[in-house]
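*Asks:* Here are the chains, one letter per residue:
Protein chains: 4
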Amino acid sequence: MDFTPSAISSEYRSKVADFIAKEIEPVEADYLRTLRSLDDPWVVLPVIEELKAKAREQGLWNFFLPKAFSEASGHGAGMSNVDYAPLAELMGRHFIAPEVFNCNAPDTGNAEVLVHYGSEAQQRQWLEPLLAGEIRSAFCMTEPEVASSDATNMAATAVLDGDEVVVNGRKWFSTGVGHPNCEFVIFMGLTDPEAHRHARHSMVIVPIGTPGFTVERMLPVFGFHDEPFGHGEVTFDNVRVPKENVIAGLGRGFEIAQGRLGPGRIHHCMRLIGLAERALELGIERGMGRSAFGKPLVNLGGNRERIARARIAINQARLLVHHTAWLLDTHGAFGALSELSQIKAVVPAMAESVIDLAIQLHGAGGLTDDFPLAGAFTGARSLRLVDGPDEVHLGVVARIELAPYKQGADHNGHHERQA
Amino acid sequence: MDFTPSAISSEYRSKVADFIAKEIEPVEADYLRTLRSLDDPWVVLPVIEELKAKAREQGLWNFFLPKAFSEASGHGAGMSNVDYAPLAELMGRHFIAPEVFNCNAPDTGNAEVLVHYGSEAQQRQWLEPLLAGEIRSAFCMTEPEVASSDATNMAATAVLDGDEVVVNGRKWFSTGVGHPNCEFVIFMGLTDPEAHRHARHSMVIVPIGTPGFTVERMLPVFGFHDEPFGHGEVTFDNVRVPKENVIAGLGRGFEIAQGRLGPGRIHHCMRLIGLAERALELGIERGMGRSAFGKPLVNLGGNRERIARARIAINQARLLVHHTAWLLDTHGAFGALSELSQIKAVVPAMAESVIDLAIQLHGAGGLTDDFPLAGAFTGARSLRLVDGPDEVHLGVVARIELAPYKQGADHNGHHERQA
Amino acid sequence: MDFTPSAISSEYRSKVADFIAKEIEPVEADYLRTLRSLDDPWVVLPVIEELKAKAREQGLWNFFLPKAFSEASGHGAGMSNVDYAPLAELMGRHFIAPEVFNCNAPDTGNAEVLVHYGSEAQQRQWLEPLLAGEIRSAFCMTEPEVASSDATNMAATAVLDGDEVVVNGRKWFSTGVGHPNCEFVIFMGLTDPEAHRHARHSMVIVPIGTPGFTVERMLPVFGFHDEPFGHGEVTFDNVRVPKENVIAGLGRGFEIAQGRLGPGRIHHCMRLIGLAERALELGIERGMGRSAFGKPLVNLGGNRERIARARIAINQARLLVHHTAWLLDTHGAFGALSELSQIKAVVPAMAESVIDLAIQLHGAGGLTDDFPLAGAFTGARSLRLVDGPDEVHLGVVARIELAPYKQGADHNGHHERQA
Amino acid sequence: MDFTPSAISSEYRSKVADFIAKEIEPVEADYLRTLRSLDDPWVVLPVIEELKAKAREQGLWNFFLPKAFSEASGHGAGMSNVDYAPLAELMGRHFIAPEVFNCNAPDTGNAEVLVHYGSEAQQRQWLEPLLAGEIRSAFCMTEPEVASSDATNMAATAVLDGDEVVVNGRKWFSTGVGHPNCEFVIFMGLTDPEAHRHARHSMVIVPIGTPGFTVERMLPVFGFHDEPFGHGEVTFDNVRVPKENVIAGLGRGFEIAQGRLGPGRIHHCMRLIGLAERALELGIERGMGRSAFGKPLVNLGGNRERIARARIAINQARLLVHHTAWLLDTHGAFGALSELSQIKAVVPAMAESVIDLAIQLHGAGGLTDDFPLAGAFTGARSLRLVDGPDEVHLGVVARIELAPYKQGADHNGHHERQA
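Chains as they are written, first to last, in this note's numbering: chain A, 1 to 419; chain B, 1 to 419; chain C, 1 to 419; chain D, 1 to 419.
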């Protein structure tokens, strides 16, 4: 057992840290202020494109790409999940960092789908510009009318009609669909309700602007719209796309979705860990810098214990995600099935709780936009629902845990006493 | 011991419940939608004034007033705190209800201050129109630059200069200051830093529009601005008011603040209990109405246990607040000092947690404005800071608990064993 | 709403408090030490009988009896459940107090059964000496071989055979069966498996010494045997008793059991609240009396917050039990069904956690017999299982909470947004 | 980062697992039953010596020894802390396993002390027979009269008098002192109260039987005495030993104690993780094997979620301890200072909570000796106090966390908004 990061991971970690310190931190507050002051904040401010160009130039770009594809294509840096994890943590500390390094969701997940399942034509048309940071994308899966945590509830449809696929339905929480550069969405819908439950759905590329595709509204999340990318509610009303837009073939949606989840969860969780680290730092700085009743806030009541517990919770969460990333790298998604649910059930709640502590240490100011905490909190809170609510993931962990046991056989039972 | 509510409390409780069911519930969603659709939502929509007029006509008005004043003046309904508590709970279920019954903070607290400490002239000028629901007010206490949970940190000043008082400083979280009808604020500031720590501060009435008074901005709380009343950041730059605007006399600010807190905490807490009840109802309805994995959501995982724990937590919180209200009525604020902190440390966190459960049962929709839950959550969360953070209240409870014990005397010590 | 205790409750409360202070506290430690030093601690030390005689003489006796019976018979003090609750709390503070006032479980529950359902002969033979404190009894319900939280799992049988009832089966956690004065048990078993699920069981009086009745062993609870009464495992091997020993008639066991639970839960919970209060006192005394790192222990880390939370938790638990007692008195067991489960799900866990805090404040000494905390802890922990595990009670609370809602009707659903 | 265990660790792990399965599991229940049935259970049953002989023969012996010493001396297996951790976990599953492999506390810690600081003569006389499993030892540090979590409170003394050291004082929780083979204790006491606080104490070897040394009593822990080793209260009344019995020199006690803690904490924590794993297995078996209300217990209420959370908590705890062991191996005790406190603050509480769940799944039986759970619970609970209460360790974590920050400088303060 060796907890030393690999050479490539260490090297890029320090490059990313430097870039953030030199290029992102100095401009971030100004960027946010400017964006908020706009009447229409659904825009890409020039500073973002400048930062992206710089990052790309320095080879700090597309780290998230699957190692094999990265090595074969020359895109990215050839990193495994466990190599990339510490970089994702760093990016999670700053709202704009993932985009700057072209490592932002859901484009990362969409790119992975196209890497693994996209046709050559799809890769040329959509993957290349995604990896170049020229376009953005969204993923349309969750539906407002059903409990989407159970995929079999999905009601939207993607049906073959001659050379076209006809897409119908209503989706929401389509993150990224508000971005001015968003050029396509990956839609998931029902193709054949009679097929095996894992062969009913298809994934289809729908270009923005296709007739019948409408972004109905951008959804507020605790009052935040997360401009300029946001979370949309979209309707598909007899949207027709060529059947070449189907990814991997009709009926393979579920399979693709499964494969898409593993690395995405690692990324989400590591970014949240970064966010929690930053929140803890901000909380401690504030708690050291302000006093009440003659003591710095950190020394009042149970604050030191809460800070200690936050430190421990972050460390434990990080180790769990690192271990899961390593499992994913070495044993594949099926070898990490329970762990991929474990991190999802643990990390957002941990981050929520650490950020909550930081808010509490900030007093009422922590509730406002003067600090990144309120936004961080709602982000962490959302992730207790997005990509499956905590409860569903706990259910997966329990199912796997119980699998080796047999019902009705109380082997540790009462005989011991009676022997 | 008798848990039956008094006749007057029961009677008005059912009148208020009826009014809410008939007049408020049918229009509430439309009201919120309309308000949100406005370019400038800092307005009083006509429906509010209509509802207020109806409520006043039916004598459902100013319930919050101290019993003795109510009986003497004919305002309100002559209710004790324990009588009023169940009504406040009902009002807490609906965002607009407190205003409709003229029982909304911070006007209630300001009115109480004027009832107990206001001069006749102050009462005529400010209290009468407040009780008539014609004007609104704000309370300016918390400051952005210091940890305001320790009142001795307060830096803003109110200094006598001839026949005038000169007010300087910066305040924030001045709730209500954004309301179009807001006509005055009660400002609290430092008058004599050399006086006894409980005689340093003064409360001064500052009319909106006095030169030097500026609302710098309305503060977002997790992205919400709570229009049309909101929470403001205000500056006082050599604001001059006649010394007649001082309440009760210079140096009495702390004394007034103490007296203002008791009933206000009961109100806040009871409204939060109402909010938690409504959130639980909404959560159960959603959880019964939607299914996943072949079962209604309520029957999945630990949801039933969480619902049971929410029920218990609400009941325990309600009993604690009722008991505190009764103590306040029968033993005064000093006889309920620990309890007034106990409810503040318990109820907002309880409400936050019940609303969180309801959000989780709603899935991602619970994060949006489609349901009142996101707004309810941020309201409850805010109240873990407003009027003293949880930690300060726990500190008060501990101080009172430890008071009867003496340090250094380990009476239950080791002698027992050695005897 | 009036939280003032009734005159009778106040009066007896102060008499009981005096008696405990003057008679019980001074001898308790010595009693426990003596008992522990014996080779055979399954004895009644003379001091117990002396204390009982004194208490009875002073009319401090049998408070637990149902008010109507008490008034009719002259036994006890004519107290309602809410009257008695504060007395039970006081008794809970001292291991031997319940027995001294003849208010100890399970005799109280057994006496209630005989009061409500016993024949005249049964009352004469068993109830009278119980109320006189001359004999003790046990209750045989839980079985080792099945999950007894589901009464329909019960396997032991009570079958009519001519003029006799034949009892077979194995029971455990028969509290009190080790007491030297234990003269009978009330056995519950299956009579007619074909009957309605609430009419299958019977309760039967089985005198100690009846052939076929064997106490197999006294069970340790975390290493404690709770001498001299204890918790036994007993077997019934073709035990024959006259059919007159059936209580209320064959098939009425379930009905009796239901009726037996209400007051018993109030008693258990109030005693635990007393135990928690005492533990908190001991913990604070120790934490004030010992220092580390230059401060009394109470001022280290989060101890003051934990003490504050313990205070609040005790207060909330007490209010919940008082309210439940009042409901039971005024609305009967069916009007308090949810609440009777609520207190059972809340109070033992609360007591466990307060006692745990007190142990932690005592350091390693808290784990030993030098303080009453280790014993108190195991008592509270046991009650999270005895009389139904927490989880079963939460299930009851949830069932009642959900009853008014209908499945499949998502009334608060999505229409709001689309209207 | 590579989570694969080293070859040596894997190899011995599977050997130890086999030995436990073949040799220990089959005899354990019988061993415990036999021991409990004895009038005097403070004995070594022959099976223990047989098992020890077999384990030693197979080279499964003294794994705990520091790697360098192990390699130099030929004792043990040359394992680092991270290599040994998984073996300690396996041993923790069975009460008698640590002794069988000669890896039981406090002998392991005492042996380490002698390895690092013992003179040649001390090693020959005490270390050799310890490593041969011929004798046992105890460690006398904690004192009943003071809060021992603060070492400066220590009152017992070790003072030089000519060629002898005179030892005085009272110690308790001297684990192992009841073992029939216990031949010496390591005593820690105050030598020079005027010296630097880290140079005041000394460690002295006191052979059992030295005049003035008395085991006053064996302490119950929640009613358990943990025979045959137990936890003693001992007095030292002018105990005289040759000054050669001082370890490393007078005044070096604190330094030795510090060094002794690191590996010991890893061992304790890993054993607790093993205990928690076993408890979870037992709980699941019981919960699958018994049914209530028509379902296996695991499927009732929130049990599956609790099982999932237990799985996650165990995994997170294990990763934290492994990482700490690796830090200790690669960066030394000072490089793992915070982590060594983190694991101590987390693991016993985690184990307590998992065992509590297993007890709850067992019903009342879980409280008895029929299952190893009650004993496991009290063991885990004790470790929340032994070797420093949780609160002290959280304090250490907080101190280290806050060290890089400066008081009074609110760098993340309000300027951001005003810029």
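If you are wondering where the hints come from, they were derived from the structure by calculation, not from laboratory data. In this text, all values refer to a predicted model and were calculated from it rather than measured experimentally. Any given hint could be a false lead.
Copies of the same chain look alike in the list, so a pair counts if it fits in one copy or across any two.
Said to hold, decoys possible - Listed below are the simulated BS3-like cross-link pairs for lysine-lysine, each with C-alpha atoms no more than 25 Å apart in a straight line:
hint	residue 1	residue 2
1	Lys22	Lys243
2	Lys54	Lys22
3	Lys295	Lys243
4	Lys67	Lys295
5	Lys67	Lys54
6	Lys406	Lys295
7	Lys243	Lys406
*Asks:* If a hint holds in the structure, say so; if it does not, say that too.
*Replies:* Hints and how they fare:
Taking the closest pair of Cα atoms, Lys22 and Lys243 never come within 25 Å of each other, the shortest separation being 47 Å inside a single copy and 54 Å across copies. Taking the shortest Cα distances, Lys54 and Lys22 sit within 25 Å of each other inside one copy (12 Å), while across copies they are farther apart (62 Å). In this assembly of identical chains, Lys295 and Lys243 lie within 25 Å of each other by CA distance neither inside one copy nor across copies; the values are 68 Å within and 36 Å between. Taking the shortest Cα distances, Lys67 and Lys295 never come within 25 Å of each other, neither inside one copy (51 Å) nor across copies (41 Å).
In this homomeric assembly, Lys67 and Lys54 come within 25 Å of each other (Cα to Cα) only inside a single copy, at 23 Å, whereas the closest approach across copies is 49 Å. In the homo-oligomer, the alpha carbons of Lys406 and Lys295 lie at most 25 Å apart only across protomers (13 Å), although the nearest pairing inside one protomer, at 57 Å, exceeds that limit. Taking the shortest alpha-carbon separations for Lys243 and Lys406, neither the intra-copy value of 46 Å nor the inter-copy value of 43 Å comes in at or below 25 Å.
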